[in-house]
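Colleague: Please construct the entire structure, taking both the sequences and the accompanying hints into account.
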Amino acid sequence: MTCSAAEPYLLDDEADLPPDVRAHFDECADCRRLRQDLRETQAMLRDHLATPAPETLRPAFAAHLEEAKRDLARDRPPASDRGAVRSIGRRVRWAAAFAVVFILGAMSMVWLQPRDGAEEPTVLAQLESDSPSERLAGVMAASMETEEAPERSLVDALLITLLTDPSVNVRVAALDALSAYGDRERVRLGVLRALAADSEPLVQMAALRFVEAHQPPEASQALGALLSQPDLEPLVRSQAEILTVSI
Amino acid sequence: MMLPRTLFVLLALTVSAALHAQPTQVLRFLDPSGDIDVTAEVTWGNIRVVGYDGDEIRLQVTHTAEGGSPQPVTRVADFVEVRSTNTQYLIRARSPQGDAFESVDLVLRVPSRARFQALVARGGEIRVEGMDGGVYVQNRNGSVDLRGLSGPTQVNAVNGSITASFRQMPDAAMSFLTMNGEVDLLLPRSARANVQLRSERNGYIDSDFALPGVDYPYAEEAGSAEKPLASPRPIQLRSTLNGGGPMLIATTENGPIKLRARR
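Protein chains in written order, with our numbering: chain U, 1 to 247; chain Z, 1 to 263.
Where hints are given, some of them may not hold.
As the list claims (entries may be wrong) - Chain Z side only, calculated, beta carbon under 10 Å to chain U, not exhaustive:
#, residue
1, Q168
2, A172
3, T178
I should point out that these hints are in silico values taken from the structure, not numbers from a laboratory. Predicted model only: the values in this text are computed from it and were never measured. Glycine is no exception: its CB is placed at the ideal position from the N, C-alpha and C atoms.
Modeller: Have a look at this one:
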């Protein structure tokens, strides 16, 4: 399996990985490192977005839990009554499911509320949208946000978009937006990763422009990987060869 | 006996036309009430799509074997894989078998409100007309010609020009990227957008719209000269149309960019 074939699984949980992808991650140090990096970023974004539950949530949940306990105590069966035990099991599961749904519902209400002075949740939500148009708008908004005040979370979100978005147009827009942060090692490594692994010529050209502009010292390996790709577009090949010589 | 002879000829023509009529496969959505998606993919071949005010997809397929002439396909399932959910259809032409070349052309009539995606993996032309629900197109070798659109649009082509005309300007970010070829956009005169235009090589920007704040020395020449001047260096500019609006990106690595206003 190639690195680019494994790329769609970079953010998947270990248990969900197909065996050949898991084997590739076991063997390939680059992919393992990138996977680790992306998962850390994802966790960081999650933390960044985490919003405390509203004051009313905890007492409401506690009250509901007490009520469920009282119901269970009332219905407690003799130890030998297996059918009733199953019934209690069902009730416990229902109570637990209700609690989870209740918490998620409350959390989502909080989540969806705009926060004062912070546009990021909207931008990040746009970047995760199903619609390519919405994601493109998210990239443009993120690049404008970062122009104002560079936020690591937004830059990382752009990196994740560059490395995982299915739309070529969105990936190119993300790469162009990241060009403003070529002085950051994290950004440079992400773009070089895209250069080495992305098979779309338009993304490759955008990454080569980045390399030309920022001359990252780590570029030669990525350029070598790019030049080893079969069926490389002539314009991409010539540009990569020029940069290989000049860097 | 002129009349019977004429009737015979008409009858013969009708029978002949019926025998040679392109078979049409009708695909229905289980749930056409909400958002619907249609994706068409070929390796080699053309994709032509016309939007219409209806709920079904009408599909015609033509196959061209290596060295042969185009033949209408009667057994669509032999050449095209169709997958669906309640609200989505994926119509994918089979890949060429072994080293032999073959192309599969898809002609579709699609509900104009659908979100339409097209992919030509190796080569062919994509032509889309009258779609309102969004058009997302990718072509490796060949031109992309989009007409009468009013929804969000994103196009990327490697070797081929992009032409797109809009009946209405959608309130959405749009992007048109090609590596070799021009980008030619026909927009309503009142279109509002923030534009980001880049031509890396052999290009010029030709705009019917005023581009405030543009420090591009070739802009006037491009707009007025009979044969616009190609810039000796990359052109990259940001500006606004009619005061600004959603982002409109047009980029070519090799060729001009034209922004034309509808008359």
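Colleague: All hints, please: hold or fail.
Modeller: Tested hints:
Interface restraint check: Q168(Z) against chain U, minimum CB-CB distance 15 Å, threshold 10 Å, status violated. A hinted interface residue such as A172(Z) counts as satisfied when its beta carbon comes closer than 10 Å to some beta carbon of chain U; here the least separation is about 5 Å, so the hint holds. The restraint placing T178(Z) at the interface with chain U holds, with a minimum CB-CB distance near 8 Å, inside the 10 Å limit.
In the structure shown, a violation is registered for the earlier hint numbered 1 alone.
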